[in-house]
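Participant: Keeping the supplied structure of chain V fixed, place chain R upon it in accordance with the hints.
Read top to bottom, the protein sequences are chains V and R.
Under the working numbering, the first residue of the first sequence is numbered 1, with each subsequent residue one higher.
Under the working numbering, the first residue of the second sequence is numbered 1001, with each subsequent residue one higher.
Do not rely on the hints blindly, as some may be mistaken.
Distance ranges between label pairs, derived from CB positions [to be verified]:
| no. | chain 1 | residue 1 | chain 2 | residue 2 | range |
| --- | --- | --- | --- | --- | --- |
| 1 | R | Asp1128 | V | Arg22 | 47 to 53 Å |
| 2 | R | Pro1183 | V | Arg208 | 40 to 46 Å |
| 3 | V | Ala74 | R | Arg1054 | 29 to 35 Å |
| 4 | V | Arg208 | R | Gly1170 | 26 to 32 Å |
| 5 | R | Gly1060 | V | Glu102 | 37 to 43 Å |
| 6 | R | Ala1163 | V | Thr134 | 47 to 53 Å |
| 7 | V | Ala103 | R | Asp1232 | 38 to 44 Å |
| 8 | V | Arg17 | R | Asp1171 | 34 to 40 Å |
| 9 | V | Ala16 | R | Gly1088 | 23 to 29 Å |
| 10 | R | Ala1004 | V | Glu102 | 39 to 45 Å |
| 11 | V | Leu144 | R | Arg1054 | 39 to 45 Å |
| 12 | R | Arg1137 | V | Glu117 | 37 to 43 Å |
| 13 | V | Pro185 | R | Arg1169 | 34 to 40 Å |
To be clear, the hints were calculated from the coordinates, so they are not data collected in a lab.
Values in this document were obtained by computation on a predicted structure and should not be read as measured data.
Cβ coordinates follow ideal geometry from the N, Cα and C atoms, glycine included.
This is what each chain is made of:
Number of protein chains: 2
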Amino acid sequence: MADAHPFDAALALDPARDSGARRTWAGHTHPGWANMVGPYGGITAAVLLAAAQRHPAAQGEVLALTVNYAGAVADGAFEIDAEPVRTGGSTQHWSLVLRQGEAVAATASAVFVRRRETFDATDLPRPDAPPWHTLARREPDAPLAWLRRYDMRAVHGDWPGSAGFAAHRGDTLLRVWLQDDPPRPLDALALASMADAFYPRVWVHLGRVTPASTVSLSTYLHADAAALAALDSGPVLAEARAARIHRGFFDQDAALWSAQGTLLATSHQVVYFKD
Amino acid sequence: MADAHPFDAALALDPARDSGARRTWAGHTHPGWANMVGPYGGITAAVLLAAAQRHPAAQGEVLALTVNYAGAVADGAFEIDAEPVRTGGSTQHWSLVLRQGEAVAATASAVFVRRRETFDATDLPRPDAPPWHTLARREPDAPLAWLRRYDMRAVHGDWPGSAGFAAHRGDTLLRVWLQDDPPRPLDALALASMADAFYPRVWVHLGRVTPASTVSLSTYLHADAAALAALDSGPVLAEARAARIHRGFFDQDAALWSAQGTLLATSHQVVYFKD
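Next comes chain V alone, as it looks inside the complex (with noise of 0.2 Å):
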């Protein structure tokens, strides 16, 4: 895997045993995906629905993946079961585990599905936004390696460290476009992984940056793997902004489209941060 993309090269997955249904893949943390204490979140999301995806009897592609990130994952081995535990016509539900030796670090479930066409209509439609080759790239203002791995790009809002950082302390909405770097073919992983790219909602009402970690994230997708193929690599438009900060958690909405305008994903996920 020395000449894969970074993305891929985290997501490298080994048989390791199979139980019944159940198969367990060994894998092993990437530090181009370093975070402050072990990696990225989205990273995690991201190989956890590997897992299911290259399991035997996987159907469909993924609509729904919900990830609950029970404790710190340490940079090093992991292994994951993927486990089918229901199989329709229609709807596949899985179930994943990720552990390092006895302890359990997240956990997972997945819904697969086949689609079908039928009536279709987008109420959240794509924000107006300058293009992507218009506005200036963030500069990492921290030495986390998953930083340099998007290309963001604000559209509103603006990253800690910077003056518009303080200028816009209060508002909730962050508007960014985003990319793989290098860049990389859209599929349900990248945005599995994508949807967490937002730093935490409450740093811009503390206007300043403090322990916040993930603790539950669901994803829905709404692009199948054929619209997110056309679509090469991208960028992505996406967003995210919080509802309530309350007692020690916050929650934080996020959508992503196409440059086109195509919805491709929601995202929403429950944080936990000290302030």
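Facilitator: Okay, now just chain R, sitting in the frame of chain V:
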């Protein structure tokens, strides 16, 4: 339980057996919550949450609940396995499975937390609405028992079968007052159920009622038990809207506030539909 509130009667669980940290509960669907096929999805979410809350190892109160509806729940007996998979200083992660015979009908995860005083902000303020007592109660348009479990009063949007329904064609927003009938003190269980009380958003686009069923539902609790207890039985102002309807599935976002304006919960689901 002859005198129990229908909500509490539906949540009656008897310990069946223990296996290590996993406790298995025995329950039964309640005719007062019958939907088109099997029980209303909200009551299934609530009984899964109850199975974790009543586990002897439960710590703290619920922050996040995700329920995956893997197959139709048949009227009759069911069992729920409840297992704490990781307990930390401030969070406890639960894995839950609802079975009927050998079939998994639903899986769920819950995160329980210990809350503490921190910075507080609400970024999603309660919309204006005429007082509850000035509006007409919904007359159920279908002989579904669960519709009588809630006193629902439309603030924006209207019910299938009403004149107002056609007038709101294509308007994704439904805003309603909700209260248990008979009234019951609000708690996390009540909100977990109310979060599913909106009729499918695709119906306002199609202008008609079609088969639809929730695939995955995630609810975040933004109020603690003490704050909910102070609200007595509500009512709650609640709204729902969709983001995208596409190839057999759509999403639906919801928010629930107290009459006084406190954001109590936000909730998100993806739904299967026919057209």
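Participant: Each hint needs a verdict: does it hold in this structure or not?
Facilitator: These are the hints, each one checked on the structure:
Range check, Asp1128 of chain R to Arg22 of chain V: Cβ separation about 51 Å, and the 47 to 53 Å hint holds. Range check, Pro1183 of chain R to Arg208 of chain V: Cβ separation about 44 Å, and the 40 to 46 Å hint holds. At roughly 33 Å, the beta carbons of Ala74 of chain V and Arg1054 of chain R sit within the given window of 29 to 35 Å. A hinted range of 26 to 32 Å for the beta carbons of Arg208 of chain V and Gly1170 of chain R is inconsistent with their spacing of about 44 Å.
A C-beta distance of roughly 23 Å is found between Gly1060 of chain R and Glu102 of chain V, which places it outside the suggested range of 37 to 43 Å. Remark: the range hint 47 to 53 Å for Ala1163 of chain R to Thr134 of chain V is upheld by a beta-carbon distance near 49 Å. The hint said 38 to 44 Å for the Cβ distance between Ala103 of chain V and Asp1232 of chain R, and at roughly 42 Å that hint holds. Range check, Arg17 of chain V to Asp1171 of chain R: Cβ separation about 53 Å, and the 34 to 40 Å hint is violated.
For Ala16 of chain V paired with Gly1088 of chain R, a C-beta distance near 26 Å keeps the hint of 23 to 29 Å intact. Distance hint check for Ala1004 of chain R and Glu102 of chain V: the Cβ-Cβ separation is about 41 Å, which falls inside the suggested range of 39 to 45 Å. For the hinted restraint 39 to 45 Å between Leu144 of chain V and Arg1054 of chain R, the CB-CB distance of approximately 41 Å keeps it satisfied. A hinted range of 37 to 43 Å holds for the C-beta pair Arg1137 of chain R and Glu117 of chain V, which are about 39 Å apart.
Remark: the range hint 34 to 40 Å for Pro185 of chain V to Arg1169 of chain R is upheld by a beta-carbon distance near 38 Å.
Checked against the numbered hints given earlier, the structure breaks hints 4, 5, 8 and satisfies all the rest.
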